[in-house]
Amino acid sequence: MSRVAAAADATPARARGLARVRTGALTTHLLSLLVLLLWMAVSYVLPDYLMPSPWVVARQVARQLTTPAFLVHAGLSVWHITASIAVAMVMGMALALLSHFVPATRLAINGRLNPFLSSFSTVGWIFLSIIWFGVNEVTVIFVVAATLLPFSLSNLRAGLQELDRETIEMSRSFSRSRLKVVAMVLAPLMVPYIFATLRICLGVAWKVVLTAELFGGTSGLGYLIARARADFDTVAIFAMIVIIVMFVYLSDKFLIEPIQLRLRRNYAIS
Amino acid sequence: MRSAEGRARAWWSTSFSERLIADGLVLLALAGWFVMSRSMPSYLFPDIPAVARAMASLLFDPAFATHTAASVGRIVLSITLALLLGGVLALIPRYVPAANEFIHERVKPVLNSFPSVGWALLGSIWFGVSDLAVIFIQVAILAPFALINISEGLREMDADNQEMAHSFSRRRTSIFTLVIFPMLYPYIVAALRIAYGVAWKVSLVSELFGAQTGLGYLLMDAQGKGRIDLVFAICLAIVVFYVVGEKLIVDPLSRRYRGGQ
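Protein chains in written order, with the numbering used here: chain Z, -12 to 257; chain W, 20 to 280.
Calculated from the structure, these hints are not laboratory results. Warning: the hint list may mix true and false statements.
[Unchecked claim] Rough simulated footprint, nothing fancy, chain Z against chain W, three-plus residues with beta-carbon under 8 Å: (1) 96 to 102; (2) 250 to 260.
[To be verified] With a cut-off of at most 20 Å between alpha-carbon atoms, the simulated DMTMM-like pairs for lysine to aspartate or glutamate come out as follows: (3) 240/Z x 120/W; (4) 240/Z x 124/W; (5) 167/Z x 156/Z; (6) 244/W x 120/W; (7) 127/W x 239/Z; (8) 244/W x 80/W; (9) 127/W x 244/Z; (10) 127/W x 171/W; (11) 167/Z x 153/Z.
Backbone N, C-alpha and C define an ideal beta-carbon position, used for all residues, glycine too.
Okay, chain W solo, but in the shape it has when bound (with noise of 0.2 Å):
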């Protein structure tokens, strides 16, 4: 993304008004929510501090960490089998050119248009509720994503460079790992970046059906008992999670591939 310094001047150059209707809005929606928790029952609408308690026992009660741990646990494995499942299935037709169109015409297509509720069943009937059933799910949700992103990496491959390394070396795993990794590294970044988001939605799909821990099971199990205040703090943990693992882990690794330009 952009550097510090380049952020900095954003900041600057964005007009007062901007910042001010910007944290306005903000302010409103916090406004605006305080005003429905007091004319709304609680039941509908909790209050502001009764959400913000539950926030924080997300992270600290150990009862509720566990389950927010065992969420980001599951989150990493399958980005991580999914980039790997994605690459595979994009180089395959690099090595095996025959097997392109049956990768791009059949499991491509397949794959994007198949829903996640029937992976979240599928997986549910053939693991139990199980970690296997909720990996599975979030694998086979998330493997189309880093196949589209990975294989439209090589097809904008510079073909002039790869000559070149040909005509520097002839074993394919030297030019795999000196050339066409490197030139695919933006690529994984982003098929990461796409797959980091949507991993954040589908865990909780994929815990409903399959598990019987982390936040999806935790978000049916406080509704199922009422606690709209945990509902509603699971959301935004939830939004929160996210945009700190964008700034934390996916920004830096993106600038990482910058900094070699």
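The shape of chain Z in the complex, shown without the other chains (with noise of 0.2 Å):
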């Protein structure tokens, strides 16, 4: 909106931009710091039990990652999410690719199976997994997929539907084989899409993971943080919260992102 207005002026556009990014910039920081100093003053008036300083958590910040013990569990969320990924992916890729072939199953997997698992809370599944299989790595692992399982197939069918019919069709009349057109028509043609679903998934995968392991799990970081609620540790949440923040952040910025803009490149898509 503000780039359509500049536009319009008659004076020397980009100069001004240029100017608007440079002030633009100091807003950021300069508001960024005022959020800093109202934390710093907010956790001078109460006790560090309901807001700790900004340095008491960067200081335990360092602390847990510098400690081998926090590194195992962080290290063990990242292999639930890993799992649950890859069960809810070829999952998802099955229901997505029988709907797709087989018209008659569209309704039952599309009409009845997928609103029931999107509108399945997770909270259920730890609940009813508990029951089932117990506190352990299993319920976890299950608590995530199934929260992923709709994710993934409502992303993957999306991909499906658009991909290009004519070059489809094309393939078709080189090969009737649906083995050989899947291989070296479709999978390749999906690439986009499938990694575009495992972002998403990747971005509900960390927020329900913690969610299970802190009730169902005897592992990773949610259990770290029932543990520390568990001793009333404040700084330690505060902490840990800090440090998901930054690693879903950074993966997200520095590895995501420029898979995704190179996919985009090579495969041509806006």
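From these two lone chains plus the hints, build me the complex, please.
Spelled out as structure tokens, the structure:
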């Protein structure tokens, strides 16, 4: 909107745009600083167990990041996420392909199974699987995979629908073998959609895995949060939240976004 | 969504076998449940009538219905507040362009990657066990969805239309109510739809930590007392509430916009 206004103006838009970028960055840093100052001010008034100061939290972050036990639990969380995303992707893909190629199952999968799964609450899965499997890794992975399945199913299905019909028709004219068409044409065409689905799953998985580990796990960051909560260790809770926010933000910005950008360029998707 | 006529046509055009398989799947699931409840002890897998009775009690037994009402009330209030908060955050860069980067590069990513359990714990630490804690937790979790959708709407907005609006009136309030808000409406409804779906799931988490009432509290209580039929009933009741609310409230709201087009 502001860009439109600048372009409509007769004054050298470029110089003004640059100036705007610079004031924008300045305001951003100032506002971020303001938030930090506000946090400090509040932490002076309130006791540590309600609102620890940024310095205490920063020290705790550093301490936790250098503690081997913490890193092991973080690694276990990553393992839970990886395993459940793999399960959800494979099942989602199988169901999406089934509903795509066997039209008779379309309503059953997209009209019955998917709405049911997507409206089933995560906490419901947690409580049911604690009853069925007990408090262990199986529960954590089951809960996260069950929560992710509707996401992967809907997104992969959308990807299959978006695929270029003409390309597939052409591939059919080259070969009637369905397996060949899937392996050589469909699968490569699906790569960007699969990746986009992975990204969505990853974002959801991070949030869900903590809840699942907190109630139904014996390892992972969610378990550590549950322990910190039992000890009323607010500083540790703050530190873990900061670490998780940082990790998710950095991995999204420096790992996933570049890959997606590259895929988009290679596949010429806008 | 689709009009009634379109839906009827879709219903007729879905093949007989498709409906057979879909309804067969539901029957198969019920049959599977029946077999499981027969072969497994009732504390692992309750039978269908017990769960149906428990579901009915959630609505009609006053002792349980108050919990249901508490959850519904909180969800309505938190969605409203989250949409307002997300809308205000999304609108700030429009009127204060310098804040654009702060909102989209700082506030949004932090809110977006903040774990819900983190909000749940902070809410219960700050506000104790209270309605305020539950509503704080839900609003904090829902706000980024509203922010993302409404700012997407603002980005897609037609610049020509706005220029025209400017040429008719310089008054910001009338431009907002007559041009910007109607153009944003579909995005607000989209935000509402997403927030509504997330809210039902999140309400349980927030009530587990911050409440003495509500379905989340009831769920924990039921599990503690070994009332597995009630645990099943609450899980299924939420699926039903979700679908009913979407059909009765969210769908009509989004159709209303279509009608005006």
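Structure-based check of all given hints:
A stretch counts as covered by a chain when three or more of its residues have a beta carbon under 8 Å from one of that chain; for the region 96 to 102 of chain W and chain Z the count is 0, and the coverage is violated. Here's how the region 250 to 260 of chain W fares: 6 of its residues keep a CB closer than 8 Å to some CB of chain Z, so the rule of at least three is met and the hint holds. At roughly 15 Å between alpha-carbon atoms, residue 240/Z and residue 120/W fall within 20 Å of each other, so this suggested pair holds. The suggested pairing of residue 240/Z with residue 124/W holds, with an alpha-carbon distance near 11 Å, which does not exceed 20 Å.
The suggested pairing of residue 167/Z with residue 156/Z holds, with an alpha-carbon distance near 13 Å, which does not exceed 20 Å. Restraint check for residue 244/W and residue 120/W: the C-alpha separation of about 51 Å exceeds 20 Å, so the hint is violated. Simply put, residue 127/W and residue 239/Z have alpha-carbon atoms about 13 Å apart, close enough for the 20 Å limit, and the pair holds. Only pairs whose Cα atoms come within 20 Å are accepted, and residue 244/W paired with residue 80/W is accepted, the gap being roughly 18 Å.
Distance restraint check for residue 127/W and residue 244/Z: the Cα-Cα separation of roughly 16 Å lies within the 20 Å cut-off, and the hinted pair is therefore satisfied. Restraint check: the Cα-Cα separation between residue 127/W and residue 171/W comes to about 13 Å, which is no more than 20 Å; the hinted pair holds. Distance hint between residue 167/Z and residue 153/Z is fulfilled; the C-alpha atoms sit about 17 Å from each other, no more than 20 Å.
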